[in-house]
Amino acid sequence: MQSHESHAWLWWIPLLPLIGSAIAGALHLATLRARKNDPSAAAPGTLAPWIACAAMAAAFGLSVKGFFTLQELAPSARQLASTVHHWISVNYPARGEFAVDLSLLLDPLSSTMTLVVTGVGFLIHVYAAGYMKGDPGYGKFFAYLNLFVFAMLMLVLSSSLLGVFIGWEGVGLCSFLLIGFWYEKGWPAEAAQKAFVMNRVGDACFLIGSFLLVRLFGTLDMATIAGAIGRGPVELEPDVQLQVSLAALFLFGGACGKSAQFPLFTWLPDAMAGPTPVSALIHAATMVTSGIYLIVRLNPLFASSGWVLPVIGVVGALTALIGGSTALVQRDIKKVLAYSTVSQLGYMFLALGTGAWAAAVFHLVTHAFFKALLFLGAGSVIHGMHEEQDMHKMGGLRKYMPQTFVTFLAGSAALSGLPLMSGFFSKDEILAHAFAGGGLYWGLWIVGVLTAALTAYYTWRMVALTFFGEERFDRHHVHPHESPAVMTVPLMVLAVLSVVGGVLGLPPVLHAPHLLAEWLEPVTRDGSRILAERAGEHELSHTLEWILLGLGAAIALAFAHTGFHAHKRGTAQDETLTARRPALAAWLADAWTIDTTYKRVILLPLRLVSFVVAVVVDQFAIDGTVNGIGASARDVAQWTRRSATGSLAGYAMWMGAGAVVISLVWMWS
Amino acid sequence: MNPQDLLTLFDAAAMTALAPLIALALGTLAVLACGIIPGGSVVRPIAFLASLAAAAAYCVKTLVDGAPATLVLDGTFQSGPTTAVWGLVFIASTLFAWLYSAHYYEEDAPFKGEHDVLMLATPIGMMLMAGAHDLLVFFIGLELLSIPLYSLAAFRRDRIRSIEAGLKYFLLGAFAAACFLYGAALLYATTGSLSLDVFADPTRRAVILDQPLALVGVALIASSVFFKVSVFPFHLWVPDVYEGSPTPVTALMETGTKAAAFAFLLNALAMLPNSTAGSIALIAVITMAAGNFGALAQTDVKRMLAYSGIAHAGTLLLGVAGSLNGDPARGGAIEAALYYMAAYVATAGGAFGLLALLERENKGTTTLESLKGLAQRRPVVAAALTLFMLSLGGIPATGGFLGKYLVFSVAVRAELIPYAILGVLLSVVALGYYLRVIIAMYMQSPAEGSVVPESRPTPFATTLASVVCAALVIGLGILPRWFLEVM
Amino acid sequence: MLQTYAPILILAVLVAGFALASLVLSDLLGKKRRSIGKADAYESGMDPRGSARLRLSIHFYLVAVLFILFDVESIFLIPWAATVRGLSAQGLGPVMFFEVLAFVGVLALGLAYVWRKGGLEWDR
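Protein chains in written order, with my numbering: chain A, 1 to 669; chain B, 1 to 487; chain C, 1 to 124.
One or more of the hints may lead you astray.
Claimed, not checked - Partial list, derived from the structure: chain A residues whose beta carbon lies under 7 Å from chain B: (1) Ala-649; (2) Tyr-651; (3) Trp-666.
What the hints assert, rightly or not - Cβ-Cβ distance ranges computed for the label pairs, FRET-style: (4) B/Ala-53 / A/Leu-29: 55 to 61 Å; (5) B/Pro-68 / A/Ala-631: 52 to 58 Å; (6) A/Ile-629 / C/Arg-55: 36 to 42 Å; (7) A/Ala-631 / C/Gly-110: 53 to 59 Å; (8) B/Ile-140 / C/Gly-86: 51 to 57 Å.
Bear in mind the hints are in silico, worked out from the structure with no lab data behind them. On a predicted model such as this, the values are computed, not experimentally measured, just so you know. Every residue gets a Cβ at the ideal spot worked out from N, C-alpha and C, and that includes glycine.
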């Protein structure tokens with residue numbers, strides 16, 4: 001890494017949300033104190049969203065400044081760094097110094113991530129100000145949300161894997177706190193726990209991976225690691241190759257946990273127990289994409305890891321298929337979106353598996369736009385329907401909430417990949433790369449196309465069930481209403497982004513520049529070069545690309561149409577499926593029974609063992625012993641207490657006897 | 001002796017050794033005079049503090065001068081750094097008790113003047129006891145300490161428990177004094193001297209300790225000291241007396257008296273035959289058991305602390321046994337005991353002081369029940385009490401831990417390992433009731449319908465004493481080297 | 001050697017004889033009027049029957065304690081008085097003077113205290 005002047009202002013990007021979090025938290029505590037005595041007292045917590053949104057806006061502003069500062073530099077010099085502290089420094093006589101600095105790095109990749117996190121994050125914060133109004137934990141919510149953003153920004157801005165890990169754990173913690181935000185209800189607390197535990201599996205992999213990297217490179221600085229591999233020989237020594245592959249595999253394991261990939265994805269649908277803005281921010285737009293970020297950040301490592309890339313591709317494709325097929329039959333609108341997120345994240349990993357780094361980031365960005373939009377739209381629906389999430393109890397909402405409806409349509413179009421929408425371009429790029437990969441990747445391409453069809457189908461099923469058809473809710477009790485402007489304005493902004501976001505990465509056949517790929521080129525250059533030298537360049541002819549684009553558009557349109565019309569009239573189609581093929585419906589609804597299998601294979605034996613330990617070993621053997629000792633101590637205590645009778649003569653007698661006994665003993669000893 | 005030589009007894013070294021005592025004695029007279037001169041009640045605290053400060057200054061001066069330990073006044077009194085540190089411990093003990101008593105009697109005791117006179121007389125007795133190299137000097141010290149304490153124990157004349165405490169303490173104390181005198185008489189009968197010098201020469205010591213009569217005398221003297229430090233089976237008075245006495249007085253008895261008696265015991269170690277180490281260690285362990293198990297059954301916190309004090313006496317006695325069994329250099333027993341008592345003065349002084357504060361608020365005894373929810377009502381008091389409980393329990397980073405550690409290590413070095421193990425196990429039992437106090441304060445809320453006493457502003461004297469105690473507890477816990485070097 | 005103790009023996013015999021003689025003579029010579037009161041055991045003026053737990057005024061004890069206090073302290077003056085002449089002759093006069101001054105001073109302070117506090121007034 002070249003030497004740079006220090007850009008200490010970078011620290012303000014994560015610090016502003018942290019400060020916001022602290023203030024919001026303090027306001028919440030002030031509210032609690034004020035409410036303790038007087039429940040109707042003015043709540044300082046109502047100021048929290050102002051603080052939080054201001055912090056987000058300022059952080060976004062700084063991110064934009066970072067973007068323009070980078071842009072003014074030559075492409076290869078686009079790096080801004082700031083080191084404030086030489087954090088850890090250990091000198092190993094044999095291996096040299098191992099040091100970790102507390103430093104931030106802004107380059108095209110982290111700049112992109114920062115813009116998404118702060119930009120989309122800001123919109124979601126604004127939305128949440130309306131959505132969470134009246135909640136007793138209003139201030140607390142924004143404290144957590146801002147804290148999350150701080151952790152996420154540390155994750156994407158840190159220059160070392162240790163810094164990333166701190167952010168990684170921080171977002172995990174905030175995710176836990178926010179999923180369980182309504183812990184009084186019970187199941188959100190369980191969902192939070194599940195998310196946390198499953199993430200820990202991934203985190204352990206992350207740690208092992210980074211240990212292996214320290215062993216290999218003696219550092220945790222990601223730029224140094226990526227540079228070392230990027231500059232090194234393409235073909236590695238066999239044992240080095242093995243270690244590189246293992247490190248990559250373990251890091252990918254970490255990514256699987258955080259980004260909800262097979263087999264660790266089951267926490268994400270449960271995570272929908274959190275408030276909807278949380279689902280939008282954490283479980284769609286930002287946190288779940290950190291696995292993709294990590295792999296792109298270390299792309300030379302993964303490029304030279306050999307067999308790990310196909311593994312990533314297969315896992316991604318499989319996850320995409322599982323998520324997409326499961327979303328087909330869900331009745332809970334948030335569950336549909338959750339499985340859809342799992343599926344789309346699978347697409348991104350499929351892209352990474354083909355070495356299409358920029359395509360993965362492209363899909364990450366567009367997905368952040370449209371999935372945040374869809375979640376927020378769903379939240380608006382839920383809000384308007386008095387906390388109803390079952391689509392079978394909705395229908396015909398388009399005339400009640402027109403703004404939500406229109407924006408939701410934009411998001412759905414983008415998700416299902418209707419032509420010229422943002423999702424169309426990003427998904428198509430991934431599929432094109434898979435098609436070009438040949439061999440195994442053809443199989444993945446087929447899975448991708450199939451998933452695209454499923455995506456179009458379930459997306460429009462959701463639109464049809466929610467906004468069209470007869471009104472299936474109890475009109476006497478439920479009065480659907482449009483959400484306030486504070487919620488709909490962010491929807492509109494996101495809708496515009498979802499529609500036009502495709503311009504960031506237009507396909508080559510249109511003879512327009514792929515803006516994002518060019519922007520990211522300094523970061524992805526080494527990885528792409530290694531891949532090209534190892535496996536050769538794959539170029540698709542223009543004709544073939546046109547065909548693929550057309551095929552994508554045709555599939556999206558056809559299945560969107562089918563899905564929409566099959567469900568436009570109501571729930572009949574779902575009921576038919578359940579009636580005719582109950583086993584298939586149940587299997588799909590249960591996400592290929594993976595979660596159930598976990599329960600049976602892992603959870604039950606674990607519970608049995610813990611029961612044995614807790615009841616048999618602990619309660620009987622250990623507690624029995626301890627309680628026995630405790631009880632006898634109490635008995636002795638009672639006896640001792642009784643010896644203090646209060647009788648003066650008794651005391652004197654004891655003293656006299658004591659003196660006599662001591663005299664006698666000493667005389668004879 | 002030539003009458004002219006009487007004057008030479010009061011040489012510079014003797015005056016240095018006596019200076020703190022004289023300062024305190026003059027202070028006592030001044031405080032007494034304050035009772036009959038106009039405006040005396042204003043001057044009284046100043047006289048009290050000035051006298052303590054002067055005594056402390058003389059002790060510090062002895063430390064700074066670094067003169068070696070010598071015998072003065074015809075070999076009846078010890079002067080030197082150890083005596084000076086003990087003196088500081090006694091002064092601190094008196095100071096804490098006095099500060100905590102400043103507002104304890106507020107409403108119902110018009111005799112604060114007498115109280116202060118009596119209280120200021122006690123450290124004179126303690127210093128005499130700690131420095132005594134002669135049984136008669138020790139006895140004068142003992143009585144100078146005990147007689148004021150008898151009166152102080154009964155000082156709340158409106159409370160039957162206080163009068164009972166005073167009477168019991170007086171009668172049993174008289175019994176112990178008689179024991180001592182009888183023992184001293186027997187020793188005099190065999191050795192023809194009351195000086196501890198007779199034990200200095202190993203050959204002569206062996207001859208003396210071979211005689212049954214001398215052994216009985218030593219045993220009787222030890223018994224009376226055991227009474228003062230409340231060791232099994234001479235401990236039974238402790239719960240009644242400590243509970244009934246005014247709480248600041250309890251603090252003084254628990255810290256100062258105990259320290260003085262232990263100081264003498266360590267000075268007079270040569271008096272005890274080495275073969276007694278085992279039986280003393282046994283007594284120590286039984287004492288710890290009696291104290292800890294007794295405390296476990298209590299719900300009254302003051303009574304619980306009284307039993308805890310018995311257990312602490314047992315712990316220190318184990319150190320004494322260790323130094324009897326150990327090498328001639330005594331294996332650092334005196335340092336360990338000094339450290340232990342220094343920490344204990346701050347810890348127990350602070351704990352009893354806070355009890356005094358709470359008692360005033362509760363208008364009655366402090367039970368575990370009345371402590372419930374204290375952390376919400378008085379967070380700072382609860383935090384300080386927690387600190388003192390942790391130190392009493394011997395949790396690391398508190399003075400109590402290091403004291404315990406030093407004492408047990410003396411015992412271990414002296415190969416009293418089984419006793420040390422038993423002692424450590426019994427300390428674990430002790431944690432049970434110390435933690436119960438903390439649990440009551442932090443994790444339990446007052447029972448429905450119980451009257452929550454209104455919090456009054458904490459008196460300045462109490463705050464000052466508690467802050468100093470807490471600082472000492474923490475300081476002794478984390479800066480042990482500093483304190484050990486001073487010693 | 002025993003002869004040195006002879007005067008003591010004579011004194012003892014005389015004392016015993018006098019006591020015995022008074023008792024015998026009064027019994028022989030005196031009038032005898034028997035009454036219940038006279039037949040009772042003599043208990044220094046106290047009623048020998050009934051509860052022994054009589055309540056006496058605290059003043060009795062106060063005065064008794066004060067008396068003993070100053071009485072016993074004054075005993076210490078006797079050895080001083082016995083030696084002051086001889087020691088003064090050896091040049092210890094000033095020491096002896098200040099020593100007793102301190103002693104009496106402390107006693108005086110105590111007396112002043114008791115006086116000022118009203119300890120000497122019977123009825124207060």
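Going down the list of hints, with the structure as the test:
1. Ala-649: violated, 10 Å
2. Tyr-651: Holds, because the Cβ-Cβ distance from A/Tyr-651 to chain B comes to roughly 4 Å (cut-off 7 Å).
3. Trp-666: holds, 5 Å
4. B/Ala-53 / A/Leu-29: 55 to 61 Å: Given a distance of about 45 Å, which is not inside 55 to 61 Å, the answer is violated.
5. B/Pro-68 / A/Ala-631: 52 to 58 Å: holds, 55 Å
6. A/Ile-629 / C/Arg-55: 36 to 42 Å: violated, 54 Å
7. A/Ala-631 / C/Gly-110: 53 to 59 Å: holds, 58 Å
8. B/Ile-140 / C/Gly-86: 51 to 57 Å: violated, 27 Å
Checked against the numbered hints listed earlier, the structure breaks hints 1, 4, 6 and 8; every other hint is satisfied.
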